[in-house]
Structure formats: structure tokens, C-alpha cells
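Since the structure of chain A is provided, determine the placement of chain B on it from the hints.
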Amino acid sequence: MKPLQGLAFLLLMQSAGEALSHFLKLPVPGPVVGMVALLLALRWAPVQQAVAPAAGFLLNHLSLLFVPVGVGMMTHLDLLGAYGLRLLLVIVLSTWIGMAVTALVLRWLQRPGKTEGGAGGEQLR
Amino acid sequence: MANNFVELWVYLSSAPLFGLTATLAVYVMAQALSVRYGHAPWANPVMVSVVVLAGLLLATGTAYPTYFAGAQFIHFLLGPAVVALGWPLWQRRAALRARWGRLVVASLAGGTAAAASAVGLGWALGLPGDVLLSLAPKSVTAPVAMGVAAQIGGVPALAAVFAALTGMVGALSARWLFGLLRLPTDPEGMALRGFALGTASHGIGAAHALQVHADAGAYAGLALGLQVVLAAVLMPLAFRWL
Chain A
21 MKPLQGLAFL LLMQSAGEAL SHFLKLPVPG PVVGMVALLL ALRWAPVQQA
71 VAPAAGFLLN HLSLLFVPVG VGMMTHLDLL GAYGLRLLLV IVLSTWIGMA
121 VTALVLRWLQ RPGKTEGGAG GEQLR
Chain B
1383 MANNFVELWV YLSSAPLFGL TATLAVYVMA QALSVRYGHA PWANPVMVSV
1433 VVLAGLLLAT GTAYPTYFAG AQFIHFLLGP AVVALGWPLW QRRAALRARW
1483 GRLVVASLAG GTAAAASAVG LGWALGLPGD VLLSLAPKSV TAPVAMGVAA
1533 QIGGVPALAA VFAALTGMVG ALSARWLFGL LRLPTDPEGM ALRGFALGTA
1583 SHGIGAAHAL QVHADAGAYA GLALGLQVVL AAVLMPLAFR WL
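Line order of the protein sequences matches chains A and B.
Anchor point for the first sequence: position 31 equals 51 in the working numbering, and the numbering is continuous, going up by one each time.
Anchor point for the second sequence: position 204 equals 1586 in the working numbering, and the numbering is continuous, going up by one each time.
One chain only, chain A, in its complex shape (with noise of 0.2 Å):
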């Protein structure tokens, strides 16, 4: 029974979600705000014992939930096919980048000897 509320619940705030996302505007779609609802909602016992089962199932087959998504790149074949291996070149070299730069900056954001605030006096010297 606790998955099946899980469930209930997870879609219950993506609900959520949905609608604080379209009447207020926001730019940030429903279930990335139904996250963020999740988050506040967890503070209740009731609410972990029901979503843990519901929210381990779901995340330890989140490879499968792209595989539509994946298949519809065959419908651009021909755009693949005409600049495919610019574009290849193009999002291989910038993924690289992408997370080099992240796991860079984060390394030397929190490296040893640093404390927070500790850095301006640092630059002082």
C-alpha cells in the first residue's frame, strides 16, 4: 500500500506544482516546483514512509523513463545525417566543458584549508 500513496502523493505535487507554475507564470516548469513542494512537504513522518518506496522505485529505473524521448531522435535523421558530425563534434566537446568546469570550480570552491568567509582575507594578503 505505501508505494501506491507514494505514488498518489508524488503526482499530488507535481499536480501542485503544475498549477503554481501556470497561474503564477513562473518560467520554472510543474514538476521541478512540485520538487521544491516535495521538499517542504517531507518535514511530516507520514509523508518519507509513503514517498521513499514510491520515490526509490521511480529513481532506480529513471534510465528507462528517457528511452521514448531517446527513440524520437529518429525522426531527425536527416538534420543528424546533413550536419551530424559538426554536431557530433559540437555536443561532445561542449558536454566535456560543461563538466569540467563544474567539477573544476566546485574542487577549488571547497578545497582544503578553505572555510567559508575565509577566502577575502586571502586576497587581503
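No lab work stands behind these hints: they were computed from the structure.
Zero decoy hints are in this set.
Across the chosen pairs, the derived CB separations fall in these ranges:
#1 A:105 <-> B:1441: 20 to 28 Å
#2 A:102 <-> B:1415: 27 to 35 Å
#3 B:1454 <-> A:104: 26 to 34 Å
#4 A:25 <-> B:1414: 25 to 33 Å
Chain A residues, not near chain B, derived (Cβ > 10 Å throughout):
#5 22
#6 24
#7 39
#8 65
#9 101
Facing chain A, according to a computed beta carbon distance under 8 Å, are these residues of chain B, among others:
#10 1435
#11 1440
#12 1457
#13 1461
#14 1463
#15 1471
#16 1472
#17 1507
#18 1529
#19 1556
The model shown is predicted, which means the values in this text are computed figures rather than measured ones.
From the three backbone atoms N, C-alpha and C, an ideal C-beta is built for every residue, glycine too.
Relative to the frame of chain A, chain B by itself:
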């Protein structure tokens, strides 16, 4: 005999049952292959499933909308799954609260670098303008990338394709790239790796991270959410000024 088979095939392939069954069956096999080879990057279950299913549809002359009539039931679950990403964040709320500012800065830097390098490289290689604008939101999860592309003058369908490709490239090459950068593999290092993968490769990257390590998965989910918020708010503004 052969005729009966064709009739049966025509009937089955027009019913939603086909798309749903094929997606699940192929994915279960792709998952088994991935486990068999220790989550090797080349055996990424999303990529293997997409290649096999697209090949199957092309070989049998089945149109994508026919397939999607069944596959939409799986696609629909993306919504509650994005909501569910709040759960691993809740479990790590103390750690997240302590490093909130750094994560936002890293997310902004990585997202900007990914979008700027995609548009810049594409421009240098002579890709047309609407393709460039569809490349810009490629590090944001597909449904949001489509919305952002429409706002800045790109083509939504192209944006979805580029986002899906970006996700797969990230999931395939993350281990190699992070090894090259000498990022550690302790829980702290896995959080760092997951966050970077989620920032550049959104949901498909997060799905990969979740399968490799729980901390990597949680931080990838957070990175995905941050990218959605930052890109949806800042990207239309940035392209208005350009």
C-alpha cells in the same frame, strides 16, 4: 501463413501495447547487459535501448507516433520522477545547507560554460542560426530545453534531440573524463562527480549517476534542478541582450 503474420503484425504494431511492451522488454535486456559488464560506459542502458528500438522501428517501417502511443505511459512517469528527486535531497539536507552557495556558483559556471561553448563552437563550424539557438539549452532536461529553445528562437524538436544526445555523451564519458581530471572516488568525490554530471548532462546523466553511487545520484539530481531554474530564468534574458 505469411499473410496472416503480416496481418497480426499490423494489428499488434498499431496498438499501444506494442510501444509499451517493446520499450520495457528492450530496456530490461539492455539493463541486464549493463549489469553483466559492470556498468561499462558503452553498455549504457539508455543508449543501447534507443539504438535497438530505433533500429526495430526503422526495420519494420513503424512510425514514431505509433510507437509513442504505447511508450507515452513510460514517458509520463518522468514528471513524478522529477518530483521524486526531492527525496535524496531531503536525506542529505544538512550537508546541502552547509554548501549551498558553492553549489549554486559551480552550477552557474558549468551551465554557462556548456551553453557558451556549444554556441561558440557551432558558430565557428558554420552551423545555421536556428541550430545554434537550439544548442544553447542542451544541458537542461529535454522538456525544459524545448521551452527555452522556443523562447530564444530555436527549434524545440531539435533542442530535445540535442539534450538527449548531450545526456548520453555525458553518461558515456563521465568516468573517463573525471579520471583524467583526477577527481577522487570517495563519497565526497562521488558527490562532486555526480554534481558535475548532472549539471552538464541533466536527467540521463543523473540516471547514470544513481546507478553508480547513491551520493553521486543525489547531487546529480540537485544539479539537474539547479540547471532547470537557472536556465529557465537566465537564458531568455541572456539571449535578449545578445
